[in-house]
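Enquirer: Spelled out, the chains give:
Protein chains: 2
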Amino acid sequence: MKKFMNDAEQFLSESLAGFVAVHADVVALGEGGLYVSRAAPNKAKVALISGGGSGHEPLHAGFVGTGMLDAACPGQVFTSPTPDQMLAAANAVGGAPGVLFIVKNYSGDCMNFEMAAELYEGKIATVLVNDDVAVEDSTWTTGRRGVAGTMIVEKIVGAAAEAGKSLDELKALGDRVVAATRSMGVALTSCTVPAAGKPTFTLGEDEMEMGVGIHGEPGRRRVKLTSAKTIAGEMVEAIVADIAKSGVTGGPIILLVNGFGGTPAGELYLMAEMARTDLAARGFTLARMIVGNYITSLDMAGCSITITAVDDALLALWDAPVKTAGLVWG
Amino acid sequence: MKKFMNDAEQFLSESLAGFVAVHADVVALGEGGLYVSRAAPNKAKVALISGGGSGHEPLHAGFVGTGMLDAACPGQVFTSPTPDQMLAAANAVGGAPGVLFIVKNYSGDCMNFEMAAELYEGKIATVLVNDDVAVEDSTWTTGRRGVAGTMIVEKIVGAAAEAGKSLDELKALGDRVVAATRSMGVALTSCTVPAAGKPTFTLGEDEMEMGVGIHGEPGRRRVKLTSAKTIAGEMVEAIVADIAKSGVTGGPIILLVNGFGGTPAGELYLMAEMARTDLAARGFTLARMIVGNYITSLDMAGCSITITAVDDALLALWDAPVKTAGLVWG
Chain A
1 MKKFMNDAEQ
11 FLSESLAGFV
21 AVHADVVALG
31 EGGLYVSRAA
41 PNKAKVALIS
51 GGGSGHEPLH
61 AGFVGTGMLD
71 AACPGQVFTS
81 PTPDQMLAAA
91 NAVGGAPGVL
101 FIVKNYSGDC
111 MNFEMAAELY
121 EGKIATVLVN
131 DDVAVEDSTW
141 TTGRRGVAGT
151 MIVEKIVGAA
161 AEAGKSLDEL
171 KALGDRVVAA
181 TRSMGVALTS
191 CTVPAAGKPT
201 FTLGEDEMEM
211 GVGIHGEPGR
221 RRVKLTSAKT
231 IAGEMVEAIV
241 ADIAKSGVTG
251 GPIILLVNGF
261 GGTPAGELYL
271 MAEMARTDLA
281 ARGFTLARMI
291 VGNYITSLDM
301 AGCSITITAV
311 DDALLALWDA
321 PVKTAGLVWG
Chain B
1 MKKFMNDAEQ
11 FLSESLAGFV
21 AVHADVVALG
31 EGGLYVSRAA
41 PNKAKVALIS
51 GGGSGHEPLH
61 AGFVGTGMLD
71 AACPGQVFTS
81 PTPDQMLAAA
91 NAVGGAPGVL
101 FIVKNYSGDC
111 MNFEMAAELY
121 EGKIATVLVN
131 DDVAVEDSTW
141 TTGRRGVAGT
151 MIVEKIVGAA
161 AEAGKSLDEL
171 KALGDRVVAA
181 TRSMGVALTS
191 CTVPAAGKPT
201 FTLGEDEMEM
211 GVGIHGEPGR
221 RRVKLTSAKT
231 IAGEMVEAIV
241 ADIAKSGVTG
251 GPIILLVNGF
261 GGTPAGELYL
271 MAEMARTDLA
281 ARGFTLARMI
291 VGNYITSLDM
301 AGCSITITAV
311 DDALLALWDA
321 PVKTAGLVWG
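Residue numbers (UniProt numbering), protein chains in the order written: chain A, 1 to 330; chain B, 1 to 330.
If we strip away everything but chain A, and leave its shape as in the complex, we get:
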């Protein structure tokens, strides 16, 4: 294993210490390191809290800040945070308007966020993200996995929360964005979890994992590496076929081409070019596009494609100002 680290047990805490030092204008580390919150919390609005296993940076702590999350709870690498983390975060940033949990659909995350919601004494609701079309009922999940679409949910709901929407409105909006979002990923290499010290899975020199999960979970099938155009086409086909079941067969979309951590920007933009031309030919309008490492899988080489069907209202929320470590505009 080749990583910049001192020892596996300190990996998360040392990395988080660097993160909050570098972004001290935006975030602060909560008591006991249980959560990352905004440097300047605002209890007059609904508090958005997310979290999950670490190793997907900038998700989630990198999306804490004005216009997006109020706090994020980082678990150990690829391990759900514990209910006391979410509860501490909710108590720290939640006010009278309530708390909204945004949870990726993994069994551990669901269970722990649910427990925290039961323990929390204020108003609370949960949005469950399950955008991965690759597989149902993996080793990590019941139902579909929550993957890169989570960023789009957090951005859009975050903008609405900043605008003062109620907990009920934000819960409905989050569910609506989830319903309009689909993703699929592909891995060219495995990732290596620091505490494991060896790759999570192995791929031949000419193989890729089509439909891979963000923890290196198996996808639909292991196939021979082929052209970027063919790979993007297969991912787009799976996404488009799935969202068609919800009645979406064209129209304006946000396209996210997300790197898993080990793939350079030049390849991601090339994949974006393949995906956007394919989607345009299928009758979709590329209203917004975003490319980069946003929901990573440690050092895995690979990428995912996400689309969210949008209308003008969702686009206005997407375009609203955001200032976080991982996403800045407006």
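Certain hints may be false.
Derived pair list, reagent style DSSO-like, types lysine-lysine, alpha-carbon separation capped at 30 angstroms [to be verified]:
id, chain 1, residue 1, chain 2, residue 2
1, A, Lys171, A, Lys323
2, B, Lys2, A, Lys2
3, A, Lys229, B, Lys198
4, B, Lys2, A, Lys224
5, B, Lys198, A, Lys198
If you're looking for bench data, these hints aren't it; they were derived computationally from the structure.
Based on these hints, arrange chain B on the given structure of chain A.
Expert: Just chain B now, with coordinates in the frame of chain A:
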């Protein structure tokens, strides 16, 4: 070789097509694909033009936009752009106030930018960046290499250009920032150039290249992988020893911890934590810190550490608003 690509010859043009499509609000592709310019050029100010071999994204095209570059000339991967590219860019974005070339110190880049400067019929000057303390006179360079500090030069000089400074003032400012900037890199793995199809160099499973260049050029020595603290300490020591020769032995700095493309954010923040605590202990003040993949080497795992000694005037220029694909704030 595992890359998202169709064929090596089309890699750059397809990747650039995606880049300008995704960032159409900020950049446009120049005629014949020779350069990337701002979507809305401003000939009333000095035009800043940079460029170099591709494979270092977001450098340079990702730094074109308000507050930074006016145009960038992308060569093939790790290959200097040709003089006609710089000349076309200068003719497209240069006005009466003149053109400033910002050039990383590699023999090919120096020669080609110099030729373009001779052919250009307007006012022109050049700032040469040579911040790498690792080696003098490598296979690619005479003198020190230009590496990650280039981003800091482009940002600070870009802000001054936006504020209407003259060509002479910008040339002097650029030289001053170069003189105040030092970098050093380390590689955990090689990169693979698409057209080559195999790694540029090989490292044992327990080895790293200390002082590596951004094209995978050899560094100071090949050593056993050790702790992040020791690695960061050795890089900081080399940087601090070098800048001390210029009389800088403490005071306010900008710290850039730059990923080479294959190293995930969690590790970069951990390295930032090691570097900042080390620098603070040596009497430096961390006035600003920035962490991410800014000057990459394709898919190389590794990172570099850069410091720039600053005063309030340089910090104000660093903090000035910037809107590019790769750097956004203010």
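Enquirer: All hints are to be evaluated individually against the structure, with a verdict given for each.
Expert: These are the hints, each one checked on the structure:
1. A C-alpha spacing of about 22 angstroms is found between lysine 171 of chain A and lysine 323 of chain A, which places the hinted pair at or below 30 angstroms, so the restraint holds.
2. In summary, the hint linking lysine 2 of chain B to lysine 2 of chain A is supported, as the alpha carbons are separated by about 19 angstroms, within the 30 angstroms threshold.
3. Distance hint between lysine 229 of chain A and lysine 198 of chain B is fulfilled; the C-alpha atoms sit about 22 angstroms from each other, no more than 30 angstroms.
4. As the CA atoms of lysine 2 of chain B and lysine 224 of chain A are separated by approximately 11 angstroms, the hinted pair is consistent with the 30 angstroms bound.
5. Taking the CA atoms of lysine 198 of chain B and lysine 198 of chain A, the gap is about 23 angstroms. The hint holds against a cut of 30 angstroms.
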